[in-house]
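Asker: Sequence:
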Amino acid sequence: MQLRDTLDRLLCAFVLTAIGAVLAWSVWPDITRWQHQQAIQSRVAVLGEYEDARVKIPLRQIAEYGNSAIDTLVLAAASKRRAVAEVARQILIEKLTNWQLRLTKYEDVDSSNSIVQLAASLSMHIERFGDGGKQWAESLTLRLIDLSEDLKIPNSGRMLSDCNRILEAIPPQGPRLQSLAAYHGTSTREARLPPVPEMPLEILAVPSERVVEVERYVAPLPQVIEKQLGALEGAASDAAHLPESSWLPQGESILQIVPLPNKTQIELLPEDRVRANSPVVPSDLVVVIPTPAEMERRLEQLDKLASEILLDRLPLVDFYEAGVIREVLRGRGFKDSHLAILQQITSSDVEVRLQVIQDLSELPAGQARRILRTLLKDKNAEVRYRSLSAMATTQEPELFELAKEIAISDRDSRVAELASRIMRQAR
Numbered sequence: 001m002q003l004r005d006t007l008d009r010l011l012c013a014f015v016l017t018a019i020g021a022v023l024a025w026s027v028w029p030d031i032t033r034w035q036h037q038q039a040i041q042s043r044v045a046v047l048g049e050y051e052d053a054r055v056k057i058p059l060r061q062i063a064e065y066g067n068s069a070i071d072t073l074v075l076a077a078a079s080k081r082r083a084v085a086e087v088a089r090q091i092l093i094e095k096l097t098n099w100q101l102r103l104t105k106y107e108d109v110d111s112s113n114s115i116v117q118l119a120a121s122l123s124m125h126i127e128r129f130g131d132g133g134k135q136w137a138e139s140l141t142l143r144l145i146d147l148s149e150d151l152k153i154p155n156s157g158r159m160l161s162d163c164n165r166i167l168e169a170i171p172p173q174g175p176r177l178q179s180l181a182a183y184h185g186t187s188t189r190e191a192r193l194p195p196v197p198e199m200p201l202e203i204l205a206v207p208s209e210r211v212v213e214v215e216r217y218v219a220p221l222p223q224v225i226e227k228q229l230g231a232l233e234g235a236a237s238d239a240a241h242l243p244e245s246s247w248l249p250q251g252e253s254i255l256q257i258v259p260l261p262n263k264t265q266i267e268l269l270p271e272d273r274v275r276a277n278s279p280v281v282p283s284d285l286v287v288v289i290p291t292p293a294e295m296e297r298r299l300e301q302l303d304k305l306a307s308e309i310l311l312d313r314l315p316l317v318d319f320y321e322a323g324v325i326r327e328v329l330r331g332r333g334f335k336d337s338h339l340a341i342l343q344q345i346t347s348s349d350v351e352v353r354l355q356v357i358q359d360l361s362e363l364p365a366g367q368a369r370r371i372l373r374t375l376l377k378d379k380n381a382e383v384r385y386r387s388l389s390a391m392a393t394t395q396e397p398e399l400f401e402l403a404k405e406i407a408i409s410d411r412d413s414r415v416a417e418l419a420s421r422i423m424r425q426a427r
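Residue numbering for the sequence shown follows my numbering, beginning at 1 and increasing consecutively.
Here are the simulated DSS-like cross-link-like pairs (lysine-lysine), alpha carbons at most 27 angstroms apart as the crow flies: (1) LYS80 x LYS134; (2) LYS105 x LYS377; (3) LYS56 x LYS377; (4) LYS377 x LYS304; (5) LYS95 x LYS134; (6) LYS80 x LYS56.
No lab work stands behind these hints, which were simulated from the structure alone.
With the hints as constraints, model all of the structure from the sequences given.
Answerer: See the structure below:
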């Protein structure tokens, strides 16, 4: 009897423990979310105590709470305080870029949910934005629409609905185009279509006999010019023996009035006279084309360098040396897709170089990291910023040292701040 009571107590305890575990598992996310909201509210409360140059400190701390901070960051992006709005918008762009990389490369479910939540929050608070803020929200919404293809159908449908509400709340920029229906209204002051002039159809009924064929002018050959000059000289000698007539000018011959051209007049000028009369071309506009021998010599010199050095050197050299570098890399087994990306690195268009970062998912991780190292030395700060964001997702073994070097040497505050944050997370 006592054994049975003991078993009943153990069974009850086990059931109660299981029920408690299930309840704790189901309630724990809500508890965590509530704790995050309390921490976020405490930082929002002290946000007004910070100067404009230091408001990024509490906002960056708020951003560390993940999806719980999205709604607060959107409200901060709509703030009338310019410093707060700029930092919050910058943080949201950073987060969206990170989610986009994780979604397109790893199909991360959490990133998908974060993107949908961002669209919903923007749709809820779009009326709080001013004119400049709505333009920023419009550009962010267009990026969200581009990501809809990578989302699952339910999430994509919800996000597109939110994006539609956002775009409806944003007034169009620039003058509106009038449709043809505007010319047919009932207003007496409306604009009228200009009358179309009538064309008599008789002018189109031209018989084929009246069509005049236009002869094309063909430049004469040098041999033809010499024959014409010889004929003119012969005619001139014959005309010298003709008797004087009343229609000829008195006092001088017609040959003296209209001098005949001489063969020397149609010959090319000497080279020194041509150079003297030619305009001076500035030295910075002169393009020096290397000879085949020079190209062979460059090929031999560059073939001795390592691939990493060539990749670093590629965006810094001219067109001809870049072609030699690509030839060397092709001989070392680099594929055409990789070389196409390498060619885009040297493009002067910033958008092309930014597109390279998105195309790196097609390459192996080692090659992608080498290209990202090259892009980290780009002149444009946005290219360096996105390259560093992508490098943080490639499991680079030397990420901490790389971020430390960038945090110290990079002049752009966004890139340096991102490198510092990567250092803190890498520890």
